[in-house]
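Line by line, the protein sequences are chains A and B. Numbering-wise (our numbering), the first sequence opens with residue 17 and increments by one. Numbering-wise (our numbering), the second sequence opens with residue 24 and increments by one.
One thing to keep in mind: the hints can contain errors.
[Stated by the list, open to error] Residues from chain B shown here face chain A by an in silico Cβ test under 8 Å; the list is partial:
1. 109
2. 110
3. 150
4. 189
5. 190
6. 191
Don't read these hints as lab results, they were simulated from the structure. Using N, Cα and C, we set each Cβ at its ideal position, and we do this for glycine too.
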Amino acid sequence: MSFEELVGDIPDGATVGLGGAGLQRKPMAAARALARAGRRDLTLVSFLGSLDVELLLAAGCVRALHSAGVALDGAGLAPRYRAGRQEQTIEFVEWSEGTLLCAVQATARGVPSLPTWTGLDTDLPQLNPGVREAVDPFTGERVTQVRALALDVAILHVPAVDARGNAYVEGDFAIDGALARAAQRVYVCHERTVNADPRRAVLSRLWVDALVPAPGGAWPTGCHPDYKADLGVVSRWAAEGARGGIELLAEPVR
Amino acid sequence: MTVHPGDLLTPALAREIAESGIGVYAVTSPASVAAALAARELGAPDLALATGFTALDAEPIPSVTLGEEGLFAAGAAFVDDPFDTFVLLARGHVGVAVAPAQLDAAGRTNLSGAGPPGHPKVALPGARGLPDNNASPSRIWYLLPAHGPRQLVEHVDVVCGAVPPAGAIRRLLTPAGCFELRPSGWHALWLTPDGAELVAGAPGLGIQCNGEEPIVSEPDEAALAAVERADPHGVRLIEFSAGGEAAERFQQAAAREAGG
């Protein structure tokens, strides 16, 4: 599948899960394609966001954002995200890492909500209508009840897939597996196709709807072992991203 | 303090980790990686290092990169379910050092924003894992680059991490020293030479000193040597720096990461 075809599958107003975490394995080429196509009113779900969120905010594609946090690692705060929250130009739905994982797992399991032990006595219920204190019906214990969060699509970026569509990652897979199981359609962007033992796959082809060849497609975030995050660009975005400069996140020169 | 705070506090964290008895340490930043790798040399050789959410027993690459996300490049022993992270937290098996923007007198934490919940005057990264780890019985270190009234307050603006459960060990490392949260509040375990003055300058936290705390002016020599072996370029110092110094250190690290 091409990026043009991928974007054609995603209408305005869709809820889009973006894989990766922080400055690793962000589906930046797909985000650029969405921006180029002028998508509007998207609801993003980015577990730990960075330049994926920044690019789509800068391009005016985003109505709402679900996340446990958005930052630029050692380079500091994410300027567009920061401005969007301070000026209330986006609907920010704040999760913790554990509650966001619960929310997508609830969708994957086909239940309306799941209880968890995290989040009690915090301000999360004020910040997120999908997080609520409840009483366990069996023990009477206080729990946090987390409402299921459904995704129209999940877009992941991985270093490798095999010819059948199984995905391979070295290092951390973040919550990408849960995002895939919570989405109606799953697109896996990848650096290359390999012959590999499917038992080493991190995501089965059973959860994958389409493969999108995307060498360099996570840039300027990293995709181990193929390339590291381009910290020069990350640093410049931290300094200049608030005032424009979306060209900084355009296609890399290779 | 003449020694760089990062060169005092990172070895101190390494010693804390080594002596804590934890089996898994979740790395979150360059200093925490350096401290964890050093802890293995200081008496915890089997300490498992968790990077990210599915690599709970990984071998971080020798050179310290720029943060938790950089460490996702570590060679993981195997891939776990991301929920395993929270199982380990709930069972008290993990140690983690975090850097909230605010920490308060009862041990609550904030990384969401300054100002009322949902209406931040200054938006910060977001709650991240603070609600999860602060509510757990696992061991948490708060590693802060500054000891001041903006970070250390009577009550956080936004409660991301709740008051820790009874019996959970919570320690705070700052340029003022090392402090522990007890039922009666924060208590000083040791102070730096400037510690008493810094503590007095951030009264919101309500730190109790008895005047007999050891004064620590030099890093633990063996721990610092181990930290420097893990992080020979001093990337850890970025998180203890501010303004121009932080930017310069970041640029230097970025150039190294790019192979320059």
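Hint check results:
1. With a least beta-carbon distance of about 5 Å to chain A, the hint placing residue 109 (chain B) at the interface is held under the 8 Å criterion.
2. Using the Cβ-Cβ criterion of 8 Å, the hint placing residue 110 (chain B) at the interface with chain A is not satisfied: the shortest such distance is roughly 11 Å.
3. Proximity of residue 150 (chain B) to chain A holds as hinted, the smallest CB-CB distance being about 5 Å (cut-off 8 Å).
4. Proximity of residue 189 (chain B) to chain A is violated relative to the hint, the smallest CB-CB distance being about 13 Å (cut-off 8 Å).
5. Checking residue 190 (chain B) against chain A: minimum C-beta separation of about 16 Å lies over 8 Å; hint violated.
6. The beta carbon of residue 191 (chain B) comes no nearer than 13 Å to any beta carbon in chain A, farther than 8 Å, and the hint placing it at the interface is violated.
Hints 2, 4, 5 and 6 from the list above are not met by this structure, while the remaining hints are.
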